[in-house]
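Order-wise, the sequence lines are chains S and G. Each residue of the first sequence is one higher than the one before, starting from 1 at the first, in our numbering. Each residue of the second sequence is one higher than the one before, starting from 1 at the first, in our numbering.
Calculated directly from the structure, the hints in this document are not laboratory data. Some hints here could point you the wrong way.
[As the list claims (entries may be wrong)] Derived DEER-like restraints, expressed as beta-carbon distance ranges:
#1 G/Glu153 - S/Gly623: 29 to 35 Å
#2 S/Pro567 - G/His78: 55 to 61 Å
#3 G/Thr53 - S/Arg599: 38 to 44 Å
#4 S/Leu608 - G/Glu143: 20 to 26 Å
#5 S/His394 - G/Gly246: 54 to 60 Å
#6 S/Arg283 - G/Asn32: 42 to 48 Å
[As the list claims (entries may be wrong)] If the Cβ cut is set under 8 Å, some of the chain G residues that face chain S in the computed set are:
#7 Leu45
#8 Lys109
#9 Ala110
#10 Lys218
[What the hints assert, rightly or not] Computed cross-link-like contacts, DSS-like style, restricted to lysine-lysine with a CA-CA straight-line distance of at most 25 Å:
#11 S/Lys802 - G/Lys177
#12 S/Lys779 - S/Lys802
#13 G/Lys173 - G/Lys17
#14 S/Lys802 - G/Lys223
#15 G/Lys109 - S/Lys802
#16 S/Lys779 - G/Lys173
#17 S/Lys779 - G/Lys17
#18 S/Lys62 - S/Lys45
#19 S/Lys779 - G/Lys144
#20 G/Lys50 - G/Lys17
#21 G/Lys177 - G/Lys50
#22 G/Lys223 - S/Lys779
#23 G/Lys144 - G/Lys109
#24 G/Lys50 - S/Lys600
#25 S/Lys802 - G/Lys144
#26 G/Lys50 - G/Lys144
Positions of the beta carbon are idealized from the N, C-alpha and C atoms, including for glycine.
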Amino acid sequence: MDSAEVEFAIAQRLAVLAQLSFVAHRDVVATLPAIRSFGADSAIKWLATAEALFSHDREAGKAFIRGSKEAARAFRGVEPWCAHAQCFTAWRGSGSAVQAFMDALPAAAAVGPAVDSWARIGLDWCARHLDSGRAYFETPVGTLLGAGDVNDLRQLLAPAIELCSERGLALGYYLPGALRVRMLAGTASVGPWARQGGDIMKSGRNRGELFFALASEESRAALLEHLPGFQPLAHERLLQILLAVWFGQSFDLKQSDWMPGSGRPFIETDGRSLFLPAVLSSREEALVAVWHAAGHLAFGTFEQKAIKELFQAAGLMHPPLDPDQAISWRPLFLPYGEDQARFEVLFDLCEDLRVDALIHRCIPGYLQQLQTFSDGSVAANAVPYRRFVRHAWHGLADPGVRDQRLAPLWAPEARPIDAFLVARVLYASGEFPVLAANECSDAYPPAHGPNAARPIYPRGFRETGPARAANPDVGAEKRDGQSEASRRPPKETQGSDPDLEIPPEDTAGAGGRIGVGLPQPARLTGRRRTRTFLASGRAYPEWDYRERRFRARWAYVQERALDERDPGEAARLVAMHRQTLRRLKRAIEAQKPRRLAPRKRQLDGEDLDLAATVDFVALRRAGLAPRPEIYCQRLPRRRDLAVLLLADLSTSIMERLPDGARIVDRIRAALLLFAESLEEIGDPYAIAGFASKYRDQVSYYPIKEFDETLDARARAVIGGLSGRLATRMGAAIRHALARFDQASTSRRLLLLLSDGRPADYDDGGDPRYLEEDTRVAIKECTDRGVHPFCITLDPRGGDYLKRIFGDGHYLVIGRLSDLPAELPRIYLRLRAA
Amino acid sequence: MKNLLDRLRGVERDALKEPRADDAPYYEPQGNEIMLFEAAYRRRLPVMLKGPTGCGKTRFLEYMAHRLSRPLITVACHEDLTSSDLVGRFLLDGDATVWQDGPLTRAVKAGAICYLDEIVEARTDSTVVIHPLTDHRRCLPLEKRGLEIEAHEDFMLVISYNPGYQTVLKDLKPSTKQRFIAIVFDYPDEAIECKVVQTESGLGDSALVARIVAAGRKARALKDHGLQEAASTRALVYAASMVAAGVSPIDACRSAMVDPLTDDRELAEAMLEIARAHLSGS
C-alpha cells in the first residue's frame, strides 16, 4: 500500500465517522496524529476498531477513542489492545465496560506479556456478565495480579466463575473481599472462604453479598479461620492443660477483636482474661506469648496492691475506677507528655523482663525459646529497644553480662514498682530514641506486647510468693484466694422456671459462682428483704463446718416437674449424634458377652461346667460329698448395678461456648445419649436434675425414675432442659439418695454432672460452706452403700472436687464437645471396673 | 555371679522364691516404710501396700523379703480368681485324687511372705479366705479337706491396693481393710526419683536424668485433665533406659511416658510439649 492509498483509506474511514457522528469525528481527528506516529497500518486498524465500536455503541466508541491516546503511548502502538477492544462489539451496552478497559490500559502496559491474559480473562467475564467484566477492569491491574502471576489471578477468580453461573453473584461483590482475603491469608485461603460464602449465599442473597463484601461478622470470622499461622484458640485445651501444668492455675482465654491488617497481633489482658488474637505467626511463638501473658496475671502485674504502689510512686492518688470497676494505667504516663510512648514502652519492657525472669524459673527452656525468635524487620527507632531486651535476656541466662541497672528486676520478690523505677532510670539515660505512634508496636520483642492495652480489673492481693504458687503440689489450697478474683463475672438469673419467678434484685446474692466479691462470712440467718420463708417439701439437715454440727431441718427440697418439653430438639440431638450413639452401642455390645456370660457352678442348666465337673469328680473320688453344682446357665446374670444421674441445672449452663453452642445443648445431648445407652445396657437407671434458690427452695426435678421407661415424655423433657438458679448440691444429693430404695441392686452409683462448685444465693459468699456440706452429703452416700462419682465441666474442678469427692472419684471433662460421647463411656468404664 | 544369673534366666523356677544369698534387689527408701514393715514383721501383722501404679510397691516387697531372708510368693489377683485358686484343689490322678496346695497354702506352710497383688480385682469370696490369717488366729482353713493349717511362725501376708478411679465401684470391704497395717507409697521425692531412675536405667548423664524426671513430674499434674494414670517412676525408668539405649531424649519420653498413657491427641501434645520444654537443647 503506498502512501496515497493509505491517505485514501484514512480519509474514507474519517468520512464514514463524520457521517456517523460529529463528536466521533472530532475526537478521532484530535487523537489520530498520536496514533499515526506508530505507523499508518496502526492508524487504519485503529480507525476500523473505532468505527466498529462506535457503530455498535456510541458510548463504547467514545470511550475507546478518548482512551486511545494514553493507551497507545503506554503500549507504543495499538497492539494488542485494539484487538481486545474489538471484542466488546459482541455485547450490547458495553460502553461502561470499554470505558473501564481503556482506563485500565496505561497501568496494564506495565505488566508486560501478561497483559494479554489479563485482558482475555476480563473479556471472558464480560461474556459471562458484562457488569462483572466492568468490575474486573475497574480493579487496578496491580491489585488484581498482586504479588503473583496470571495463574494466581485465575485461581483467585475460579470460585467466582462457579458463583456467578450458579448463584448469579456478580464479580463486583466478590472481587474486593477476595482480594483482601488473598492479601491477608494467601491465594490458597480464597477457595475455602468462597466455598463457605457460597453456602451462605444459598440461605439468603443479602447475607451472601454481605459475606463476600467482608461486611458481616460471619465473613470476618471465616476470614480469621482461613488465616495462615497458628490459631491459638483452636488449641485452647492444649493451652489450658499446659497453663495448669506451668502455673498451677487456669486462665480464662478469649478471642480478641484483632483483625488482620490492623497491626501486629498482641495478646491482651484485662486482669481477668487473656484475649488472644485469632492468629499468631507460629506455634512456638504463640505458646511462649501465652505463657508470657499468663505470667503477668500469675506474677502480680495487675494486683491491686501493686497498682496502688505504682500510682503512689508516680505521686498520684489511686486511680478512679470506672463504672465497670476497671482502671487504666494512662495517668501514670501522662506526666511524660509528648514523650509518654517512650516511657510507656520502657515500663512495659521492664515489667516484661521481670515476668520473664519469674517464668524462666517455672518453665524450663522458656528463655532459650524466647531467644530463638527472630526480630524480623522493625522500624529503625525500635531497634535499640529490641537490642536492649535481647541483651537483658542474655544477661538473665548468663549473670556475667548483666546490666546492673536491671538488677532489681531479677529478684524473685521483685514487684511491678521495681520495673517502674528501673524504667525511669532507663528513660533518663537517653539511650532510647523517641518513638512515633506507628513505631511503638515494633519496639516489643516477639511474643511480648503492651501490658495495659485494655482497662484493667485489679486482681485480689495474693499472700503467697510467685515461686510457690507455680508449684502445683502445694498450690491446691492457696489457689482459692486467687480464683476468687478470677471467678466468673456475675450472670443474670434466667428465671426460666415459672415456679420460681422472682424479682431479679432478689437474686443478686453473693454466693459462689453467682456473684463475685470478696469472701464474707456466711450469713445464714438474717433479714432477707421481702422474702418469706417457705417450709414446704422435704427437710434435710445441712452441715455447718464452722460450728461443726448439722443444722437440723435446714434445706427444703421440693419435687417439681419440668414443664418445658421439646421433642423436636430431642429428636434433632439424637439424629445429630447418631454416629456417636452407634459407636457407643457397639462398645456396649462388646461388653455384653460379659454380662451374658454363663453363670457357672449352677445346680441345673443347659451346659456342663467342665471345670466344676472335674472338681466335682475329684472331690467325689477323694471321698467327699460335694454339691453337684456342675452346670452353666445361659440366663443373663441379675443386673447388679443401678445408677442415678443427677444433673446440675443452674443458670451457668445457659452460657455460650466459643463455638456458639450453649453448655445446656451439650448436657441435653449427653443425657439423651446416656439414657439411650443405658437402655441398651439394661441396667436400671434414673435421671434427675436440681437447682436451688435459698435453702428453702431446692428443686429436684425427676426426669426418669428407676421404674419408668424412657418414653417420649422423658426424651422431650431432656430436649427442653434449661438452666435456672443456683447449685445447692448437698440437699439434692441427700434427696436423690432416697431414690435408690426403688432399685434392688447390690451396687449403686450416683453420678453427678456439674459445671461448677456448689453455691447458692444465701451462702454469704463463703464457697467453703456448701462445699463442706456437699462433702458430708457424699460421705452419707458412701455410708449408705452408694458410690458417688462426679463429672464436672469446670476446668477448675480439680481444686475443690478432690476435697469433696476424694481422689479418683471425679473427672474433669476438658472438652465440652466431648461430653455427649464421654458421659456414657465413663459409665461403661466405671461399670466394667 | 552375673554369669550364673544369666544361666538361670529362662529357666523354670518355683513360684516360691527362696531369698538368694547375693545382693538385695535395688530399692531406695522413701521414708519410714522399711521401719514400719520390719515392725509389722516382728509382730507378724499383715501389711497393705497402698499406692499408684509403678511407684515401687512390688520392688519394695522383694527388697524386704530379701532383707528379712524370707521366701516370697506373689499372686496377681484377677476377677476370676477363686478361693480354690488360692488355697488349693483336688486333682485327678489315674483313679485317685491328689490334693494340690494353692500358693497361699504353700506360703502358710513354708513360712513365706505371700503377696496378693491388686487384691481388689479378686472376687469377694476369695478375699474372705484370708480373714482368719489376718487376725490372732493366723490359721488357714482347708474346707475341702476338712483341715485347718496353723500358719508357719514366719508366715506373713501382704496385699497391694491401688486406690483410684478404677476402684470407685470396687473397694475392699472395710472389714477386710482394717485387718492390715497400711504403708502408703507415692512417687518418691525428686532427688530420690532421680537416683532411682539413674540406677535402674544405667543412664550415666545425671543432668539428663534430672531433666527427664522433672518433665515426668510436671506431666503428673495432667491427672486432672483426663489422664487416668500419671507417668510412674517405672515409666521414667523406661524413658531413661530408652535414652541409654541410644534413643533421643524426646523420642524416649514420647515412647515411654506419653503414648502409652493416653490416646487423647491434645493431652499427648501437651505432655510432649512439657517434655520438649525440659529436654530441648540436650
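Query raised in the report: Are the Cα positions of G/Lys177 and G/Lys50 separated by 25 Å at most?
Result: holds (11 Å)
Please check whether G/Leu45 passes as an interface residue: C-beta within 8 Å of a C-beta belonging to chain S. violated (26 Å)
* Please work out if G/Lys144 and G/Lys109 have their alpha carbons no farther apart than 25 Å. => holds (17 Å)
Notebook entry, point to check: Holds or violated: S/Lys802 with G/Lys144, Cα cutoff 25 Å?
Noted result: violated (46 Å)
Problem set entry | Pairwise hint evaluation, G/Lys223 against S/Lys802, where the allowed Cα distance is 25 Å at most | It holds: about 12 Å lies between the C-alpha atoms, which stays within 25 Å.
Take the C-alpha atoms of S/Lys779 and G/Lys17, compute the straight-line distance between them, and say whether it is at most 25 Å. Roughly 43 Å separates the two Cα atoms, so the pair is violated.
* **Straight-line alpha-carbon gap G/Lys223 to S/Lys779, limit 25 Å** => holds (23 Å)
Notebook entry, point to check: Can the restraint linking S/Lys802 and G/Lys177 be considered satisfied, given a maximum Cα separation of 25 Å?
Noted result: holds (22 Å)
### Task
Would you check the hint for S/Lys779 and G/Lys144, treating anything up to 25 Å between C-alpha atoms as holding?
violated (41 Å)
Notebook entry, point to check: G/Lys50 and S/Lys600: Cα distance at most 25 Å?
Noted result: violated (33 Å)
request  = With a cut-off of 8 Å on the beta carbons, see whether G/Lys109 makes it to chain S.
outcome  = violated (19 Å)
Does G/Lys173 sit within 25 Å of S/Lys779, going by the straight-line distance between their CA atoms? OK: S/Lys779 and G/Lys173 at ~16 Å, within 25 Å.
In this structure, the earlier hints numbered 2, 3, 5, 7, 8, 9, 13, 15, 17, 19, 24, 25 and 26 are contradicted, and the remaining ones agree with it.
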